[in-house]
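Please build the complete structure, drawing on both the sequences and the hints.
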Amino acid sequence: MSERKTSPEQGEAQSPSKGRKIRVLVAKPGLDGHDRGAKVVARALRDAGMEVIYTGLRQTPEMIAEAALQEDVDVVGMSILSGAHMALAPRVLELLKANGQGQVKVFIGGIIPDEDQPRLKEMGVTGVFGPGASTEDIIRQVRVAVPE
Amino acid sequence: MTLAEQLLSGNRLALTRMLTQVENNTSEGRAALTELFPHTGAAHLIGVTGAPGTGKSSLVNQLALHFRKQEERRVAIVAVDPSSPFTGGAVLGDRVRMRDLAGDPGVFIRSMASRGSLGGLAQATAGLVQVFDAAGYDTIMIETVGAGQAEVEIARLAHTTLVIEAPGLGDDIQAIKAGILEIADILVVNKADRPGVENTLKALRSALELAHPVRHVFQHHGKLEIIEAPDETIYNSWIPPIQKTVATEGTGISELANEIARHAEHLRESGDWAARERNRLGAELDALLQEKLVAHFREQVPESRYEAVLDQVFQRELAPWEAVKVLLNGRSE
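These protein sequence lines are chains A and B, in that order. To get this note's numbering, take the position in the first sequence, counting from 1, and add 1. To get this note's numbering, take the position in the second sequence, counting from 1, and add 126.
Worth flagging that the hints you see were computed from the coordinates, not collected in a lab. Being a predicted model, the structure only gives us computed values, none of them experimental. All residues carry an ideal CB built from backbone N, CA and C; glycine is no exception. A hint or two may mislead.
[What the hints assert, rightly or not] Sample of chain A residues lacking proximity to chain B, with all beta carbon distances greater than 12 Å (derived):
1. His35
2. Lys122
3. Pro148
[What the hints assert, rightly or not] With a Cα cut of at most 20 Å, we get these calculated SDA-like pairs of lysine to any residue:
4. Lys98(A) with Lys370(B)
5. Lys370(B) with Glu335(B)
6. Lys98(A) with Glu335(B)
Shown next as structure tokens:
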């Protein structure tokens with residue numbers, strides 16, 4: 002397998018170990034229909050050498066957990082702008098565990114009030130990104146979270 | 127219990143993990159495939175290919191719904207999208223069009239990035255298909271973006287290959303370009319509610335007639351001419367049907383499913399099913415042999431020697447053919 006032309010950072014941006022790529026499910030649960038943020042993140046992760054499965058709008062927690070299982074992802078990223086994060090996040094975490102995928106790291110982006118962030122992390126959410134978060138930061142945190 | 131045993135007993139977590147191992151071509155994955163292989167060979171493999179934007183994912187979605195509702199078959203879908211040649215990353219978006227299938231435990235969708243190499247992709251896809259086959263999925267659909275050799279390779283995996291066209295994608299010259307039409311067992315004109323559909327149908331029909339001559343009666347300078355069809359038996363007797371569909375509305379889907387069933391029946395009756403299986407397994411065997419032989423060879427030849435010969439090639443002192451001879455110690459030819 003020949004390595005493609007990549008800059009040093011891009012080369013590093015590849016997978017944690019050879020032949021393995023970080024797989025990320027990017028989902029938009031709930032009823033808000035604004036998916037620009039999710040698409041920007043999906044693209045940034047792609048450019049960082051990850052395989053991003055994009056599921057589209059209005060996903061239920063059940064649909065997200067099912068897709069995470071079928072795709073055997075390392076990470077689930079959810080974009081939530083509706084304010085329903087305190088209901089959606091624990092449900093997704095619970096379903097992932099029930100499916101035997103407790104090791105999957107969950108990230109949330111969107112409009113999340115500061116006071117909710119520690120509670121989300123207590124529940125088991127790995128990272129929370131609000132407006133203005135840089136894609137570099139998101140990529141870095143995802144890479145740190147996925148064990149080699 | 128091994129992962130393969132868990133998979134055979136219907137454990138979906140074992141199935142998904144196995145798919146990952148096989149896709150990454152790990153030693154566990156290869157060992158599991160060996161264990162699973164005796165359990166394969168029952169599924170009907172359907173390849174779905176066509177240019178981007180022709181509606182492949184929507185069609186696969188509708189076909190899967192049909193198979194579930196009408197025939198209660200268990201359906202697996204392998205959806206392949208391209209990886210970036212620069213970063214190796216990919217956005218796999220086929221699930222967006224398949225949300226109707228969510229929540230049905232009889233459907234399993236796996237997205238796969240093409241990850242660069244041609245032969246590797248076909249091999250990984252073959253592996254995933256075998257895993258699904260062993261796990262008891264009756265129908266396995268393989269969806270690829272149809273643009274060239276990789277798709278032809280993947281189509282060779284399938285028993286029945288659908289080539290999806292849509293109106294307005296190109297003139298009739300596109301339709302007679304080699305490759306993509308020749309692999310079609312069934313041609314689908316999707317988005318058949320769009321303007322231009324008659325032109326697309328006409329172009330496909332004439333392309334098909336060139337490939338599969340039929341009896342032709344026509345007026346030429348006022349004289350009735352008849353061109354007899356060549357003896358049917360020297361050709362494969364299957365002439366690809368053309369099916370119009372509107373996937374977003376479900377129009378033409380049950381007719382398409384009938385054509386698929388008719389093709390499967392034709393393959394079984396004509397003995398082509400076995401012939402295709404044999405060809406496919408032969409191609410797989412060749413690919414594996416090649417890989418093993420190269421690996422074996424590279425183990426025996428020190429890296430430094432290989433690099434030295436490569437340097438000579440790079441300096442234009444040796445042609446690649448000679449270099450191969452040198453590396454093989456004159457064992458070639």
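Hints versus structure:
Taking the minimum C-beta to C-beta distance to chain B, about 16 Å, the non-interface status of histidine 35(A) holds against the 12 Å cut. The non-interface label for lysine 122(A) is consistent with chain B: the shortest C-beta to C-beta separation is roughly 26 Å, beyond 12 Å. Chain B leaves proline 148(A) outside its interface by the beta-carbon criterion, the shortest separation being 15 Å against a cut-off of 12 Å. The suggested pairing of lysine 98(A) with lysine 370(B) is violated, with an alpha-carbon distance near 44 Å, which exceeds 20 Å.
Taken as a hint, the lysine 370(B) and glutamate 335(B) pair is honoured in the structure, with Cα atoms around 18 Å apart against an allowance of 20 Å. The suggested pairing of lysine 98(A) with glutamate 335(B) is violated, with an alpha-carbon distance near 57 Å, which exceeds 20 Å.
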